[in-house]
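Position chain A relative to chain Y; hints supplied.
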Amino acid sequence: MTAALAVVVAALVNITGPGHYIHWGFIQISVGNIIVISLMVVTFLAAILIPYHRKGGRS
Amino acid sequence: MTAVDHTPAETGEGLAEDADQWTAKIRRFLMSNLPPGRLIPDRQPSYMASWIYIFGALTMGALAMVIISGGLLSVEGPTWWHASSVGLFVNSLHLWSVELFFFFMVVHLWGKFFMAAWRGNRALTWMTGVITFMASIGAGLTGYLSQTNFDSQWISTQAKDGLNGVGVGSFFNVLNFGQMLMWHIMILPLAVVAISVLHVLLVRTRGIVPPIELEPANSATATTGGEA
Numbered sequence: 000m001t002a003a004l005a006v007v008v009a010a011l012v013n014i015t016g017p018g019h020y021i022h023w024g025f026i027q028i029s030v031g032n033i034i035v036i037s038l039m040v041v042t043f044l045a046a047i048l049i050p051y052h053r054k055g056g057r058s
Numbered sequence: 000m001t002a003v004d005h006t007p008a009e010t011g012e013g014l015a016e017d018a019d020q021w022t023a024k025i026r027r028f029l030m031s032n033l034p035p036g037r038l039i040p041d042r043q044p045s046y047m048a049s050w051i052y053i054f055g056a057l058t059m060g061a062l063a064m065v066i067i068s069g070g071l072l073s074v075e076g077p078t079w080w081h082a083s084s085v086g087l088f089v090n091s092l093h094l095w096s097v098e099l100f101f102f103f104m105v106v107h108l109w110g111k112f113f114m115a116a117w118r119g120n121r122a123l124t125w126m127t128g129v130i131t132f133m134a135s136i137g138a139g140l141t142g143y144l145s146q147t148n149f150d151s152q153w154i155s156t157q158a159k160d161g162l163n164g165v166g167v168g169s170f171f172n173v174l175n176f177g178q179m180l181m182w183h184i185m186i187l188p189l190a191v192v193a194i195s196v197l198h199v200l201l202v203r204t205r206g207i208v209p210p211i212e213l214e215p216a217n218s219a220t221a222t223t224g225g226e227a
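As you go down the protein sequences, you meet chains Y and A in turn.
Residue numbers for the first sequence follow numbering that gives the first Met the number 0, beginning at 0 and rising by one.
Residue numbers for the second sequence follow numbering that gives the first Met the number 0, beginning at 0 and rising by one.
Simulated from the structure, these hints should not be mistaken for lab results.
Accuracy of the hints is not assured; some may be wrong.
[As the list claims (entries may be wrong)] Between beta-carbon pairs, the in silico distance windows are:
1. A/31 to Y/18: 29 to 37 Å
2. A/185 to Y/18: 29 to 37 Å
3. A/166 to Y/51: 22 to 30 Å
4. A/37 to Y/30: 42 to 50 Å
5. A/22 to Y/34: 51 to 59 Å
Note that the Cβ used here is the ideal one computed from N, Cα and C, for glycine as well.
So that you can see chain Y by itself, here it is in the shape it has in the complex:
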């Protein structure tokens, strides 16, 4: 594998080593999980709020 290809296919963050966690009172969640949940919420809101334009202008 070339160096350039290795850069492309490499993980975006270094996943070797212990995970990172967020502590808030009794709540403990990994950074990875909070990122995925946040992305799902953003996607859900975007799907509701962004208008859906149909080809040909039918509504």
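Okay, now just chain A, sitting in the frame of chain Y:
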């Protein structure tokens, strides 16, 4: 064999004297509940013109990628998916299609929850979705246990205490690799795919749930709403 001058199978009607046969009964059931125009419709109700409606289809697309990549992993085996570059790629394809499958399924679930999509005689559609979600979680767990690496060993030893605590460890033993692999590549994929197909057929049979403000007064009768 007696030759006949017409082919009832082509018309879907059959002969009157065959009406009590189980094949005729099943055919009548399918033709009344899932006629071709409803099974593969050209148009959908106008209220479907929203991005939130694409997540069910995206979930099915991700599921197809999960099944295809998992099938390739089954053909080649652990040494291939751990050691070769193509095997590592397909292994990653399997992981990320599963990630997208759950991502899209959760957004689909949120959308349907806030639509109260069980309205209008659609409780079975909702419940088949719930069961698919539960089976998918089991497929995900057994998938982690089937990696054949230290990660799967760690997860199995962590999971066994919880499963023993709820009393299922005697017949669902996460330390039994062979059993977990069979659950992952046979029982749970079969359940997820079969119930997903039933889920989609129920959506086709009963139609997309209309917005709450458009719900007819008598919502007990399933409706497909106005056409776009």
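Status of the hints after comparison with the structure:
1. A/31 to Y/18: 29 to 37 Å: For residue 18 of chain Y against residue 31 of chain A, whose Cβ atoms are near 54 Å apart, the range 29 to 37 Å is violated.
2. A/185 to Y/18: 29 to 37 Å: Given range 29 to 37 Å: holds, Cβ gap about 32 Å.
3. A/166 to Y/51: 22 to 30 Å: 48 Å Cβ-Cβ, so the 22 to 30 Å window is violated.
4. A/37 to Y/30: 42 to 50 Å: 46 Å, holds
5. A/22 to Y/34: 51 to 59 Å: For residue 22 of chain A and residue 34 of chain Y the Cβ distance comes to about 54 Å; the hint holds.
Hint violations for this structure: numbers 1, 3, all remaining hints satisfied.
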